[in-house]
Structures are given as C-alpha cells and as structure tokens.
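Asks: So the sequence lines, in the order shown, correspond to chains A and B. Numbering of the first sequence is given in numbering that gives the first Met the number 0, commencing with residue 0 and proceeding in unit increments. Numbering of the second sequence is given in numbering that gives the first Met the number 0, commencing with residue 0 and proceeding in unit increments.
These aren't lab readings, by the way, just hints derived from the structure by calculation. Mixed in with the good hints, there may be bad ones.
Which copy is meant is left open, because identical chains are indistinguishable; a pair holds if it fits in one copy or across any two.
Each computed DMTMM-like pair below joins lysine to aspartate or glutamate, with the alpha-carbon atoms no more than 20 Å apart [what the hints assert, rightly or not]: (1) 60 / 136; (2) 60 / 132; (3) 64 / 24; (4) 8 / 97; (5) 137 / 24; (6) 60 / 149; (7) 60 / 25; (8) 60 / 147; (9) 64 / 39.
Number of protein chains: 2
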Amino acid sequence: MLDEGMSIKSSIAGVNITLLSQIFDERGGVLHMMRSDAPEFVGFGECYFSEIFPGAIKAWKLHLKQTQNLAVPIGRIRLVIFDNRCSSSTRGTILSIELGRPDAYFRVQIPPGLLYGFCTIGPTSALIVNCTDLPHEKGESELRGLNDPEIPYTWLSL
Amino acid sequence: MLDEGMSIKSSIAGVNITLLSQIFDERGGVLHMMRSDAPEFVGFGECYFSEIFPGAIKAWKLHLKQTQNLAVPIGRIRLVIFDNRCSSSTRGTILSIELGRPDAYFRVQIPPGLLYGFCTIGPTSALIVNCTDLPHEKGESELRGLNDPEIPYTWLSL
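Chain A with its partners taken away, still in its complex shape:
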C-alpha cells in the first residue's frame, strides 16, 4: 500500500514521482496537489491547466529554466519523458507513466532540460494541472515535432 507523499522510483535522474492524497467526502472529495512545505517544492511561479481532448497528443516540449509539477485530476493521460541531457547519468532513458485517478494520482516533477509530452488514454478529455516554479516567459521553452528523429518514442493516439 502507498502512503500520501510517498515517492515512487523514477528511471530518470531528477524526476520525482509522488503519491498525492485523495480525501473522501460524500459531496465530492478533496485532492491534494502541492504545498509550500512539501520536500519537492522549489518555488511558485504559476499554476495553469492544460486540457487535452480524446485522441490528442501534446508533444514534445522542453523547458530551459522552469521546473514542471504535473498531476491529472480529471481523465487519464500517458506522460512520456525523454532524457537527452548531455551530462545526465540516465541519458537516453524514456520514462512512460499513466496518470489519473484513483489509482495513479501522482505529482510528477520534471526539472528543466528534459523533453516531455502527453496523450489521452481512453474516450474522455483530461485536465492536467501544472504548478511551475517560475511564471511563463516567452522563449524559455522549446518545441519539437511529434516525430522528432532524435527521440526514440512513437506516439500512438488511442
């Protein structure tokens, strides 16, 4: 059994996967996301949502300075992270993880320098929340094509 705040082992250095609490209430539950006293908290810059429609893929993106903290309160996604950092001990690794309630309500922390993307799983839209450490800044992120030949992953829209 997993406990709140428990970390799940990640195959990419610097990626932290943390189990978040879901507190039952017969009127609708409370879902934790981020606290300023969490061990993984590195600052607050912005909170925003990315919605993703069924069958859609949003990939690839890389941030130069900003740390991402993602969780999925609505729907289900596959999050894929690729480590292409020159000096990383896990360079070349792909991490693929499903996120969604109730069994996979994790917060995934992605440090700058990693390529990532996501797609929906199943027939419904998903809502991804992101609490970043720095507010959005133009030119701070890079986009790559879905089929970038440098990235050893093939997206399948389900």
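Given chain A, put chain B in place with the hints provided.
Replies: Coordinates of chain B only, in the frame set by chain A:
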C-alpha cells in the same frame, strides 16, 4: 468585451474577481489560474482541488488567516460569500456568483474572515481549484451548518 486579468466589480470589500485567460488549442486549450506576478498574488501556500458532485452543497466555511483563490476549470458552481466581519464597510452583504467555462472562468479571491460555500449547477460534477497563500493548518478554519440562522442565504440543491 472582457480582457484577460480584468477585474469585475465585487460587492464585498476585499473580494477580487478576475477574468482568467483561456487559450484555444485544437488539441485542448490552456487555462490560466495564478501567476506569482499577478497583482492579486499574496503568496503561495497550497494548491488543491475540491470536487463537488451534482446536487451537492459544500457550505459554510470561514478561514481565520488563509486567503482563498478559487476558479472552476470543470463543471459549473454557484459560489456564495457572506460578509459578517464586524468592521467591514460591506457587512451584511451576500455575493453570489456562477463560476465555470467558458463564460465565467474567473478567479475569485476571498480574504480571511468571510463565510463562503458552493453548490453545483446542472447535472455534472464540478472541480474547484484553490491556490491559497498559506498551507492547510488544523484549527485555522471554522465550519458552520448549511442552515446557520446568522447567515441570510438559503441553499437550494439544483
């Protein structure tokens, strides 16, 4: 027409209602919520969600120290705020506002000392996000019953 970041006049002193951006994308949009450089930002303590099922009511709550920043990315709610603060210029006022996309994607900032609650509108669950200035602390909030005689508002589950 309303512009991003535009403030809507509030009938209760200290309550700020701000229009949030919704950025269109054919794969699913991006929804702003809070930035650390927003004029209304007073610090980051916690980000969490409150889900509310159709027909449910969550009321009343009052925080002694914590400021709430609420928005509704999924579903639709009626948020009701009652000002019972002794020294408030708007003491006795009820503020009732619908929140939900696409027409009412507002961030509502509720300072400490105000009573508030919400119910769903329509047949679907809603998801409320809250970015508070202080992390949750036991004993920092007070609950009142749905039909508290001191509060001049009657909840109707729709």
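Asks: Each hint should be assessed against the structure and marked as holding or not.
Replies: Hints versus structure:
1. 60 / 136: Within one copy, since 14 Å is at most 20 Å while 36 Å is not.
2. 60 / 132: For residue 60 and residue 132, the Cα distance is within 20 Å only inside one copy (17 Å; across copies 30 Å).
3. 64 / 24: neither (38 Å within a copy, 24 Å between copies)
4. 8 / 97: within (14 Å within a copy, 42 Å between copies)
5. 137 / 24: Between copies only: 17 Å across chains, 41 Å inside a chain, cut-off 20 Å.
6. 60 / 149: within (13 Å within a copy, 52 Å between copies)
7. 60 / 25: between (39 Å within a copy, 17 Å between copies)
8. 60 / 147: Result: close within a single copy only, 11 Å intra versus 51 Å inter.
9. 64 / 39: within (16 Å within a copy, 25 Å between copies)
Violated hint: 3 only; the structure is consistent with all others.
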